Structure formats: C-alpha cells, structure tokens
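With the sequences and hints as input, model every part of the structure.
Residue 104 in the numbering used here is what sits at position 61 of the sequence shown, and the numbering runs on without skipping anything.
One or more hints might be untrue.
Unchecked claim - In the BS3-like style, the derived pairs of lysine-lysine whose C-alpha atoms are separated by at most 27 Å in a straight line are:
| hint | residue 1 | residue 2 |
| --- | --- | --- |
| 1 | LYS134 | LYS87 |
| 2 | LYS169 | LYS120 |
| 3 | LYS107 | LYS120 |
Stated by the list, open to error - The calculated label-pair distances, taken between Cβ atoms and stated as ranges, are:
| hint | residue 1 | residue 2 | range |
| --- | --- | --- | --- |
| 4 | LEU78 | GLN149 | 15 to 23 Å |
| 5 | PRO170 | LYS108 | 29 to 37 Å |
| 6 | GLU92 | GLU135 | 16 to 24 Å |
| 7 | ALA81 | LEU148 | 15 to 23 Å |
| 8 | MET88 | ALA152 | 30 to 38 Å |
| 9 | GLY147 | ARG191 | 17 to 25 Å |
| 10 | ASP174 | GLN97 | 21 to 29 Å |
| 11 | GLY193 | SER159 | 32 to 40 Å |
| 12 | GLY193 | ASN77 | 20 to 28 Å |
| 13 | ILE136 | ASP74 | 19 to 27 Å |
| 14 | LEU190 | ASN77 | 17 to 25 Å |
| 15 | ALA158 | GLY193 | 26 to 34 Å |
| 16 | ASP74 | PRO138 | 19 to 27 Å |
In case anyone wonders, no lab produced these hints; they're calculated from the structure. Treat the numbers as computed from the prediction; the structure is a model and nothing was measured. The C-beta atom is built at its ideal place from N, Cα and C for all residues, glycine as well.
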Amino acid sequence: MSACRNRGRRRIRKGETEVETARHRILIVDDEVNLLDALSRVFKMEGYEVITSQNALEAIELLKKVQPVSLILSDQKMPGMEGVRFLETVKEISPLSTRVIMTGLQDAALMERSASQAEVFRFLTKPVDLDMLLEVVALGVQRYETLRDGTHED
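Laid out in structure tokens, this is it:
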C-alpha cells in the first residue's frame, strides 16, 4: 500500500483503489473494546475521521447526530441488537453510507440475509486480515462517493 500526504490529507492507494481519507468519516460498532480501539487507531492513522460505539443502540443515536458517515463497520454478534438488524435500521437513517459487517462465524444464511435486508457491501470473517480490511474500507468509501455524487446530479 502506498500513501502520500497532500495538504494535510492522506491519499490511500491500494491496487486500483484511491481514496482521499480526510474527507471521510467511519463509524465502527463492536462490543469488543480492544478490537474497537485497535480499529479506531488504524483508521485514524490512515487519515479517516473515526467515531466508535460499543453497541448498536448508541450507534444509532450517534448516526442521527453525526452526518455524513461514509462507511459503517459493524460486528454481527452484539448484545441488544445483532449487526444485520442494526445495519438494516441505519440504512433508513443514512442510506448512502456503505455498510460492512464482521463476524466470527462463517454462516451462508447470514451472508444472504445481510446482503438482501441490510444491503451489506461486504461480509468479513474474523479474524480479519488488516490489508483486506483497509482495501474493503477504501472500496466502500469509493462506493459512497459514487452514490453521493450520483444523488447530486441534475
């Protein structure tokens, strides 16, 4: 992965994906505090603005107050509300946000449900390879830009 500084903004290039990270906010939701902190540090180092939550209900309230959010990265198994249900709910609040789910389980039915109900962009199995995660987030942010820019065309 190559990265270069450009007027205080970080531009990430991985493969064919290039994203100016400083223009993008990511919401990370996971009840595992250590993982949440580690992911937050990684994405901040990459130049993204990061907001975090340890549960889905708090994340929904955050999302109502903090817009725009380019990408939402959520764990599947959380107390109170599972990740697919959470992402389905936030689809109504922030429809352009790219939604990515992480899980410790390999469950084909869950993947199908995630794709159809919550319009999940990618489904990642834990432990997630860091390079893969960075690439998925860059692609997801690029997708968000495309959707956002498409909604402003006349």
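Exercise. Any hints from earlier that this structure breaks? Give me their numbers in increasing order, please.
Key: 9, 11, 12, 14 and 15
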